[in-house]
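In the order they appear, the protein sequences are chains D and G. All residue numbers for the first sequence refer to the numbering used here, where the first residue is 1 and numbers rise by one. All residue numbers for the second sequence refer to the numbering used here, where the first residue is 497 and numbers rise by one.
Simulated from the structure, these hints should not be mistaken for laboratory data. You may find that some hints are simply not true.
[Claimed, not checked] Facing chain D, a subset of chain G residues (Cβ under 10 Å, in silico):
| # | residue |
| --- | --- |
| 1 | G512 |
| 2 | A552 |
| 3 | L588 |
| 4 | L639 |
[Unchecked claim] Residues from chain G that keep clear of chain D, each with C-beta distances beyond 12 Å, as calculated:
| # | residue |
| --- | --- |
| 5 | L557 |
| 6 | V567 |
| 7 | R568 |
[What the hints assert, rightly or not] One side of the interface only, derived from the structure: several residues of chain G facing chain D at Cβ under 8 Å:
| # | residue |
| --- | --- |
| 8 | D513 |
| 9 | V520 |
| 10 | E540 |
| 11 | M555 |
| 12 | L592 |
| 13 | L643 |
| 14 | D654 |
Even glycine gets a Cβ: it sits at the ideal position worked out from N, Cα and C.
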Amino acid sequence: MIDAFLALLSPWPLFYLTLGTALGIVIGAIPGLTASMLIALTLPLTFSMEPTHAMTLLIGEYVGGISGGLIAATLLRMPGTPASIMTTFDGFPMAQKGRGERALGLGIAASFFGGVVSWAFLALLSPPLARLALSFGPWEYFTLVLMALVMLASLSQGSMIKGLIAACLGMLFAMPGIDPSIGQLRLTFGINDLAGGLNLLPVLIGTFAVSQIIKDVLSISTPLPRVDVQRKGVVIGRRDVTKHFSNLCRSSVIGTWIGILPGIGGNIAAMVAYATARQVSREPQKFGTGHEPGVVAAETANNASIGGALIPLITMGIPGSVTEAILIGALIIHNLQPGPLLFATNPEIAYGVIASYLAANILMLFMMLAAVSYIARVMYLPRTYLISAILLFCVIGTFALNNRFFDVWVMLGFGVIGFCLERVKVPLGPFVIGFVLAPIAEEQFRAGMMASAGDVMAIFTRPFATAFLIVSLATLAWPFIAERRRARTSRPQETS
Amino acid sequence: MAEASNRGDQRVVAWGDLVFALAVILAAAVVWFGTADLPPPRYEPVGSAALPRAIASLMSLLSIFIAVRAVRAGGQARGGEQTGGLLRIAALAGLLVIFVAVMDARIVGFRPAAAAFLFVSCAILGGLSLSRLAGYTVFSAILSLGLHAVFTRLFYIDLP
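Only chain D is shown next, with the shape it has when bound in the complex (with noise of 0.2 Å):
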């Protein structure tokens, strides 16, 4: 760790996770345009970079976009980014009554405390879950990979039902190309260009970035309202730390364990942080007029919840949300394997990753308390010219990917089917998910059925898979067992 911290130092890193903290801030202040977006449309740019460089950068941009996401939603009461949401309900009554400075004070402030708070979960918990994963077998990592996608369907927002269709869509369309078990082609309907699979890139970026794009040119001619903000009062005290210190660390616990459950993102992380900042306070009617403990409630849990979702990401491979899916893709884009192994493997790049999100997290509070004045101002950046420039990088970076335009083709199909999926309100996460999950479930599926010669009842031999399994179905279970108790319940209350 000591070591990953000091390649940290050195000026290429450093400049990247600069860098990389400083687009997304901007990036993440801009609403519309969410870190998500930012990391995949960097990947690209990554391939001529060294691994560790590579995720120092999109670590950078992470918690960069997370973080600039405040912004935006106190000042306009538009989330720079989704997890902002629970922010607009404290910070912009808080702007709105003149005091937008301390608003975005204790967002970076909380910002921080969460990311740091998050940070430690990470650098104690990575290396002995990692031990643990690298006595699964293939079952367990079958059951694993079912358990997050059920869990990323049923607790993403919208149908349960929708979410598990998603989830089979993103499975479905990682099928075509070779079949790696046996290396038969398959699916492919005679399109060479399929042989290879799809590339995680182009329907990465299509997903995201074009339908994203798409749902920005909706509201292109929404004018902003303009406000400016004095640096004076951005920053706070140690008084302010000690008055909301409780919170501080309830909200950073809960957000964490939120991000490391899979699928579900910073906002509902915030939403739970928020709604228990209510339930414990003295004051609860305050709560979304402009009152200060909602604000760092909603602000801490968002940014812990990145540490958290690191958490299974480089100790099992498992993406917690969408953009650990992409970061998953970029440690694939390097030839490196998400898991276990990278502890052992690529230590530099396991510790470097941990070691980068507390550098971000200092980065992000230095930068934001420096600059937030000129910060806001690129809110109001023209997007005519930001979303033509941001189709084209959408081009040239996936073209870039292995200099083929069927490539380009895929992205643009991504898109259009992002957005069809967005406008029937099926969640996106689940889809993309699907996607970087089927290959690893495939495999692991049909390694454990060789190994048991095909009896699929070998499953309950493996006390993990059998856990697994258990939460699988329970989660699945759960939505129609709360809903019986819901009818249950409300009966006899419509009879009295």
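Starting from the known structure of chain D, arrange chain G on it as the hints suggest.
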């Protein structure tokens, strides 16, 4: 009034759901058709076709739920909603397809194609006026030339 609009919105979602369910069932049928000629498992118990077929079947089953629910809720087409925005999206999508197609067919190289794409997309998004045209022209020229230079000289990626 608000209640009526909510009811309308629910109907729109139901209509979209129906189309979505049918599209998913169609995709599942394509998968069944595509895996029909795959050989049965020989050296291992599962085979190449099993997982795609299992996923397609599960997907179809779930889609039937969605379709039934959509029909029960009733369906109605989305009328005149954000027409300007949708037209803009259609124009931009068409432009994007033309931009990629002309480069793919080697009709035009990256620099002129990118400059034209940027100029037209700015015009679609921001509207046309004499004062804006100069800005669009400068932006298109600088970005297309700059990106070409960065990608070919810095990242050693051959752009068309």
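Results for each hint:
{"no.": "1", "hint": "G512", "in the structure": "4 Å, holds"}
{"no.": "2", "hint": "A552", "in the structure": "7 Å, holds"}
{"no.": "3", "hint": "L588", "in the structure": "6 Å, holds"}
{"no.": "4", "hint": "L639", "in the structure": "6 Å, holds"}
{"no.": "5", "hint": "L557", "in the structure": "10 Å, violated"}
{"no.": "6", "hint": "V567", "in the structure": "15 Å, holds"}
{"no.": "7", "hint": "R568", "in the structure": "14 Å, holds"}
{"no.": "8", "hint": "D513", "in the structure": "6 Å, holds"}
{"no.": "9", "hint": "V520", "in the structure": "6 Å, holds"}
{"no.": "10", "hint": "E540", "in the structure": "5 Å, holds"}
{"no.": "11", "hint": "M555", "in the structure": "4 Å, holds"}
{"no.": "12", "hint": "L592", "in the structure": "6 Å, holds"}
{"no.": "13", "hint": "L643", "in the structure": "6 Å, holds"}
{"no.": "14", "hint": "D654", "in the structure": "6 Å, holds"}
Hint 5 alone, counting from the list given before, is not met by this structure.
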